[in-house]
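Residue numbers (our numbering), protein chains in the order written: chain U, 1 to 246; chain G, 1 to 246.
One thing to keep in mind: the hints can contain errors.
Identical chains share a label here; the pair holds if one copy fits it or two copies do between them.
[To be verified] Straight-line alpha carbon distances no greater than 35 Å define the calculated DSBU-like cross-link-like pairs of lysine-lysine that follow:
1. 184 / 26
2. 84 / 31
3. 26 / 148
4. 42 / 84
5. 84 / 26
6. 148 / 31
7. 26 / 115
8. 26 / 187
9. 84 / 115
10. 152 / 26
11. 187 / 31
12. 119 / 31
13. 31 / 152
14. 42 / 152
15. 119 / 84
16. 31 / 184
17. 118 / 84
These are computed hints drawn from the structure, not numbers from a lab.
Number of protein chains: 2
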Amino acid sequence: MELFFANEIREGMVILEGDEFRHCCKVLRNKEGDIVHAIDGKGLLMECRITSVSSSRAEAEVLSSTTGFGAHGYRLAVAAAPTKNNERYEWFLEKAVEMGIDRCIPLICEHSERKTIKKDRLERIVLSAAKQSLKAELPEIDDPMAFKEAIKEYSAFEGIKAIAYCGEEYRREELATVISANRKRIKDIGMIILIGPEGDFSKEEATLAASSGFVPVSIGSSRLRTETAAMVAVAAVYTGMSACTD
Amino acid sequence: MELFFANEIREGMVILEGDEFRHCCKVLRNKEGDIVHAIDGKGLLMECRITSVSSSRAEAEVLSSTTGFGAHGYRLAVAAAPTKNNERYEWFLEKAVEMGIDRCIPLICEHSERKTIKKDRLERIVLSAAKQSLKAELPEIDDPMAFKEAIKEYSAFEGIKAIAYCGEEYRREELATVISANRKRIKDIGMIILIGPEGDFSKEEATLAASSGFVPVSIGSSRLRTETAAMVAVAAVYTGMSACTD
Chain U
1 MELFFANEIR EGMVILEGDE FRHCCKVLRN KEGDIVHAID GKGLLMECRI
51 TSVSSSRAEA EVLSSTTGFG AHGYRLAVAA APTKNNERYE WFLEKAVEMG
101 IDRCIPLICE HSERKTIKKD RLERIVLSAA KQSLKAELPE IDDPMAFKEA
151 IKEYSAFEGI KAIAYCGEEY RREELATVIS ANRKRIKDIG MIILIGPEGD
201 FSKEEATLAA SSGFVPVSIG SSRLRTETAA MVAVAAVYTG MSACTD
Chain G
1 MELFFANEIR EGMVILEGDE FRHCCKVLRN KEGDIVHAID GKGLLMECRI
51 TSVSSSRAEA EVLSSTTGFG AHGYRLAVAA APTKNNERYE WFLEKAVEMG
101 IDRCIPLICE HSERKTIKKD RLERIVLSAA KQSLKAELPE IDDPMAFKEA
151 IKEYSAFEGI KAIAYCGEEY RREELATVIS ANRKRIKDIG MIILIGPEGD
201 FSKEEATLAA SSGFVPVSIG SSRLRTETAA MVAVAAVYTG MSACTD
């Protein structure tokens with residue numbers, strides 16, 4: 001099944017323009033009368049029949065729709081420091097979307113090497129990964145957010161809050177253990193995990209997080225790159241939430 | 001700690017040449033008398049003092065050594081079909097090394113889109129990732145191996161054998177569950193997991209594997225790319241083996 005992102009949806013009709021149109025009608029040569037599948041980016045999968053194709057757009061009528069298509073069944077936010085090398089962060093995000101992520105916050109920390117992101121590029125990568133992995137809901141990509149702001153935003157959050165921290169001031173729990181002990185809460189409310197830059201979070205950042213209810217966690221015992229830690233955290237939730245409830 | 005790969009080791013002396021030498025002595029400007037750390041690729045970390053630097057090589061005497069440096073405590077082999085895009089396979093391998101992998105077999109299957117690998121390049125990536133993640137043991141990278149041959153090689157293997165298969169002929173277990181139920185065996189003997197090409201394993205391949213003791217598994221419920229599935233499998237073992245034994 002090939003998915004297209006509906007640039008516009010109104011009155012039971014879907015419009016495909018730009019790249020989506022070109023891929024649908026020029027590359028794949030879909031034409032009037034053909035059935036195609038479109039997503040709205042919010043969980044809706046629509047089975048459509050193309051009603052008209054012009055030189056720049058296609059219109060299709062919605063025959064039926066399914067909500068929550070490709071949903072992963074829990075809410076996961078990852079606040080990860082942008083990596084010096086942009087490609088590495090893009091790679092993490094593509095893998096995170098394939099597995100299941102609801103929100104990515106580029107986190108700006110004391111030791112951050114990069115404080116900007118190429119948001120357009122990240123959004124294109126997210127859309128492409130969502131279509132390829134058959135998900136109708138696109139995660140949100142935030143603008144870069146300061147560490148203190150992220151902590152503040154999640155201060156009242158009742159889901160699981162974790163910070164991957166390498167310092168030794170805190171006795172850390174293993175992330176996989178935190179997940180398996182809190183499956184219901186992650187499913188019903190959600191989880192956020194903070195991943196720091198190459199130089200790790202500062203002591204002050206770790207203290208602020210811990211005092212705001214973030215559990216200091218370790219992600220296995222290897223020294224992982226930032227984008228690897230972020231990806232493994234998403235994988236730990238992805239596989240942990242699929243495992244049998246004992 | 002910066003690690004260097006000892007191109008040659010003899011009689012308590014370590015030799016650095018080529019890229020390792022250039023990085024050590026030209027880029028980082030280490031010189032006679034300086035302390036550097038070298039690995040042998042087989043688990044040995046050596047603390048050395050540089051005794052001489054020429055235009056093309058450095059010699060250092062080994063002061064002390066540690067075995068099993070950076071070891072992950074279990075043996076994991078991943079036989080994954082090479083991806084059409086080489087870069088994707090390289091990303092998987094880099095991440096697998098960061099987490100912990102002992103052997104990578106490029107698996108040639110019925111639906112394989114690519115039957116060759118750039119072995120030199122993969123070995124460079126593996127070395128780089130091992131040094132960056134502070135591991136003294138380099139995983140083996142095999143030459144491409146036919147599916148039947150891999151099954152045959154592991155026929156007498158007493159560790160955990162799993163095949164990630166999407167077909168519905170077999171009732172599949174969740175990989176994370178197989179791991180948590182077999183931690184001791186994975187630690188003491190090891191595990192091998194087979195990851196198929198984009199078109200999945202054929203029915204015949206799945207049947208041959210199942211009849212050779214490979215457990216058909218699913219890796220969560222998303223449709224993952226080959227390199228993503230391979231990476232998530234390594235992450236599932238990595239995080240699963242770190243979690244508390246209940």
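Checked hints:
1. 184 / 26: For residue 184 and residue 26, neither the intra-copy (46 Å) nor the inter-copy (55 Å) Cα distance is at most 35 Å.
2. 84 / 31: Answer is between: at 29 Å across copies they meet the 35 Å cutoff, but 44 Å inside does not.
3. 26 / 148: neither (48 Å within a copy, 41 Å between copies)
4. 42 / 84: Both: 31 Å inside a copy, 31 Å across copies.
5. 84 / 26: Between copies only: 24 Å across chains, 37 Å inside a chain, cut-off 35 Å.
6. 148 / 31: neither (52 Å within a copy, 44 Å between copies)
7. 26 / 115: Result: close only across copies, 31 Å inter versus 39 Å intra.
8. 26 / 187: neither (41 Å within a copy, 53 Å between copies)
9. 84 / 115: This pair counts as both: shortest intra-copy Cα distance 9 Å, inter-copy 34 Å.
10. 152 / 26: For residue 152 and residue 26, neither the intra-copy (48 Å) nor the inter-copy (46 Å) Cα distance is at most 35 Å.
11. 187 / 31: neither (41 Å within a copy, 56 Å between copies)
12. 119 / 31: This pair counts as within: shortest intra-copy Cα distance 33 Å, inter-copy 44 Å.
13. 31 / 152: Neither: 51 Å inside a copy, 49 Å across copies.
14. 42 / 152: Cα proximity of residue 42 and residue 152: one copy only (26 Å, versus 47 Å across).
15. 119 / 84: both (15 Å within a copy, 28 Å between copies)
16. 31 / 184: neither (46 Å within a copy, 57 Å between copies)
17. 118 / 84: Both ways: residue 118 and residue 84 sit 12 Å apart in one copy and 27 Å across, limit 35 Å.
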